Amino acid sequence: MKKTTILFLLSAFVCKIAAAQTITINGSVKDDTGNMVPLAYVQDKADNTATRTDSLGKFTLKTNPNATLLVTSAGYEKKVISIKGNTDIIVVLKSEKTNSNIPAQTPSAFNTYTAYNGTADALLYNSGMSGALLPVFHPVDETKGSRYLFTDWASGFVVDPKDSVYKNPKYGFNYDKMNGGLLLTMDKRTAIEIDPSKIKSFTLYDNLNQPQVYEYVPEINKTHYPMLLSEGKNYKIYKLTSTRFVKNDFHSDGMTSTGNNYDEYVDTYTYYVYNVQTKQVQELAPKKKAIKTVFASEGKKVDSFFSAYDGSIDDSYIRSLGDFMNQ
422 MKKTTILFLL
432 SAFVCKIAAA
442 QTITINGSVK
452 DDTGNMVPLA
462 YVQDKADNTA
472 TRTDSLGKFT
482 LKTNPNATLL
492 VTSAGYEKKV
502 ISIKGNTDII
512 VVLKSEKTNS
522 NIPAQTPSAF
532 NTYTAYNGTA
542 DALLYNSGMS
552 GALLPVFHPV
562 DETKGSRYLF
572 TDWASGFVVD
582 PKDSVYKNPK
592 YGFNYDKMNG
602 GLLLTMDKRT
612 AIEIDPSKIK
622 SFTLYDNLNQ
632 PQVYEYVPEI
642 NKTHYPMLLS
652 EGKNYKIYKL
662 TSTRFVKNDF
672 HSDGMTSTGN
682 NYDEYVDTYT
692 YYVYNVQTKQ
702 VQELAPKKKA
712 IKTVFASEGK
722 KVDSFFSAYD
732 GSIDDSYIRS
742 LGDFMNQ
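In terms of the working numbering, the sequence shown opens at residue 422 and continues consecutively.
Keep in mind the hints are simulated off the structure, nothing from the lab.
Predicted model only: the values in this text are computed from it and were never measured.
Incorrect hints may appear among the rest.
To be verified - Here are the simulated DSS-like pairs of lysine-lysine, each with C-alpha atoms no more than 25 Å apart in a straight line:
1) 500 x 654
2) 621 x 515
3) 565 x 583
4) 588 x 565
5) 565 x 499
6) 466 x 654
7) 515 x 500
8) 565 x 660
9) 515 x 598
10) 583 x 499
11) 583 x 668
12) 451 x 621
13) 621 x 583
14) 505 x 479
Construct all of the structure, not just a fragment, from the sequences and the given hints.
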């Protein structure tokens, strides 16, 4: 009986020590102006476990009390943080540009932006005016799909080629999937299409407040912006959406019917891998054979990913692939 009690206490003591070797960190990442940084990459340098900040710049990571974290995000300097047993941390990233190069984030920040056609003519939104060009985000029942990314205006921000950030709670955005234009409104009635030469990237928040990052990558497409699914020290993985309008082609001779009796916006998706080291871009078909071809130089790592991840090859699968290949 006494021996059993000793063994039980010893076992409990060992379990307590093991549990103490892992802590859960609840942290947040901000920039040097106080704004939260979404999609920042937070990596434990010792065991390469990693996560990303959410749309509010927050993250959770399990690690050991003496861990050292590497925090990175596009447009910011890298930051190395020693945990030292802290479970609540705030990481501040410095912009790669000096603060003097970042304009004040006020409504006047877009004064240098012009309509795509070089005039100040606005695209009217839901005004009811006859003959107006309407970017209607709620298509009629007879039409399936939409030429626009969202069914309503979304919050977000834009980064220009000089890495200046344009962000204001009054701004509403939407993306035209057919012509590749980024629309901006301040009153949800009128909008302009932002001059594409002023856009390096933009981030839009979906109806779940999750950020979607789009970048200008001319090697992929010179007029449309692919969505960034994953990025790291080795690779960036993008998803390009192409949308076309298909008019109804219904026909009936009284006996048989063919075609559809509705108009439709049809989306097609193409994945691309950008090699950070070689600056080369390759198309990535959503098939295991194609994945092995693109990552031919890292065959063993790809096999390891295949053994750990199963299921259909969708956005989530491709995103996990990118994160894994960047470890």
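Hints and how they fare:
1. 500 x 654: Measuring from Cα to Cα gives roughly 14 Å; hence the hint holds.
2. 621 x 515: With Cα atoms ~19 Å apart, residue 621 and residue 515 stay inside 25 Å; holds.
3. 565 x 583: Roughly 39 Å between the alpha carbons, so the hint for residue 565 and residue 583 is violated.
4. 588 x 565: Not satisfied, since the Cα-Cα distance of roughly 32 Å exceeds 25 Å.
5. 565 x 499: violated, 45 Å
6. 466 x 654: Measuring from Cα to Cα gives roughly 13 Å; hence the hint holds.
7. 515 x 500: holds, 8 Å
8. 565 x 660: Holds. Residue 565 to residue 660 sits at ~22 Å (cutoff 25 Å).
9. 515 x 598: Violated. Residue 515 to residue 598 sits at ~33 Å, over the 25 Å cutoff.
10. 583 x 499: holds, 19 Å
11. 583 x 668: Violated, at roughly 42 Å.
12. 451 x 621: holds, 21 Å
13. 621 x 583: holds, 8 Å
14. 505 x 479: Holds: residue 505 and residue 479 sit about 19 Å apart, inside 25 Å.
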